[in-house]
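**Q** Sequence:
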Amino acid sequence: MDRNGEAVADKVCSLLLKNPRQLREIVKMGKERMGGFGAAERVAKLIKKEILARRPP
Numbered sequence: 001m002d003r004n005g006e007a008v009a010d011k012v013c014s015l016l017l018k019n020p021r022q023l024r025e026i027v028k029m030g031k032e033r034m035g036g037f038g039a040a041e042r043v044a045k046l047i048k049k050e051i052l053a054r055r056p057p
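57 is the number that our numbering gives the last residue of the sequence shown; the numbers go up by one with no jumps.
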């Protein structure tokens, strides 16, 4: 994993660990979407969207 990937992973972990409710919601979304082809990519896009939404302007 490159440094940028590590930074994104650290950010995701820190956001999830600070908000257990959000972690449960993301886990639930992941379980609901893991049935079909490309599910991991869709979940990753949701996480990326959440990170970008929380980024300061």
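I should point out that these hints are in silico values taken from the structure, not numbers from a laboratory. Cβ coordinates follow ideal geometry from the N, Cα and C atoms, glycine included. Don't take every hint at face value.
[What the hints assert, rightly or not] Below, in silico cross-link-like pairs of lysine-lysine (BS3-like), each with a Cα-Cα straight-line distance of 27 Å or less:
id, residue 1, residue 2
1, Lys11, Lys28
2, Lys28, Lys18
3, Lys18, Lys49
4, Lys18, Lys45
5, Lys18, Lys48
6, Lys49, Lys28
7, Lys48, Lys28
8, Lys11, Lys48
9, Lys11, Lys45
10, Lys28, Lys45
11, Lys49, Lys11
[As the list claims (entries may be wrong)] Beta-carbon label-pair distances, calculated as ranges:
id, residue 1, residue 2, range
12, Lys11, Glu41, 26 to 34 Å
13, Pro56, Glu32, 18 to 26 Å
14, Glu41, Leu15, 25 to 33 Å
15, Pro20, Ala53, 29 to 37 Å
16, Gln22, Pro56, 14 to 22 Å
17, Leu52, Leu23, 27 to 35 Å
18, Lys28, Ile51, 28 to 36 Å
19, Lys28, Lys48, 25 to 33 Å
20, Arg24, Ala53, 28 to 36 Å
21, Arg42, Lys11, 27 to 35 Å
22, Leu23, Arg55, 13 to 21 Å
23, Asn19, Ala44, 17 to 25 Å
**Q** Indicate, hint by hint, whether the structure satisfies it.
**A** Going down the list of hints, with the structure as the test:
Of the pairs offered as hints, the one joining Lys11 and Lys28 holds, with about 20 Å between alpha carbons and a cut-off of 27 Å not exceeded. Among the hinted pairs, Lys28 with Lys18 is consistent with the structure: their alpha-carbon atoms are about 17 Å apart, no more than 27 Å. Restraint check for Lys18 and Lys49: satisfied, since their Cα atoms lie roughly 17 Å apart, inside the 27 Å limit. Among the hinted pairs, Lys18 with Lys45 is consistent with the structure: their alpha-carbon atoms are about 20 Å apart, no more than 27 Å.
Only pairs whose Cα atoms come within 27 Å are accepted, and Lys18 paired with Lys48 is accepted, the gap being roughly 17 Å. Proximity of Lys49 to Lys28 is assessed by CA-CA distance (about 17 Å); at most 27 Å being required, the pair is judged to hold. The straight-line distance between the Cα atoms of Lys48 and Lys28 is roughly 17 Å, inside the 27 Å bound, and the hint therefore holds. Proximity of Lys11 to Lys48 is assessed by CA-CA distance (about 10 Å); at most 27 Å being required, the pair is judged to hold.
Distance hint between Lys11 and Lys45 is fulfilled; the C-alpha atoms sit about 14 Å from each other, no more than 27 Å. Of the supplied pair hints, the one linking Lys28 and Lys45 holds, its CA atoms being roughly 15 Å apart against a limit of 27 Å. Taking the CA atoms of Lys49 and Lys11, the gap is about 13 Å. The hint holds against a cut of 27 Å. The beta-carbon spacing between Lys11 and Glu41, approximately 19 Å, falls outside the hinted interval of 26 to 34 Å.
Judged by the Cβ atoms, the range 18 to 26 Å given for Pro56 and Glu32 is violated: they are separated by roughly 30 Å. The hinted window of 25 to 33 Å between Glu41 and Leu15 is violated, with their beta carbons roughly 19 Å apart. A C-beta distance of roughly 19 Å is found between Pro20 and Ala53, which places it outside the suggested range of 29 to 37 Å. Restraint check, Gln22 to Pro56: a C-beta distance of roughly 18 Å satisfies the suggested window 14 to 22 Å.
In this structure the supplied range 27 to 35 Å is violated for Leu52 paired with Leu23, their Cβ-Cβ distance being about 18 Å. In this structure the hint that Lys28 and Ile51 lie 28 to 36 Å apart at CB is violated, the actual value being about 18 Å. A hinted range of 25 to 33 Å is violated for the C-beta pair Lys28 and Lys48, which are about 18 Å apart. Taking 28 to 36 Å as the suggested C-beta distance range, the pair Arg24 and Ala53 does not conform, at roughly 18 Å.
At about 19 Å, the CB distance of Arg42 to Lys11 disagrees with the hint of 27 to 35 Å. Taken as a hint, the range 13 to 21 Å holds for the pair Leu23 and Arg55, whose Cβ atoms sit roughly 19 Å apart. Distance hint check: the CB atoms of Asn19 and Ala44 are about 18 Å apart, consistent with the given range 17 to 25 Å.
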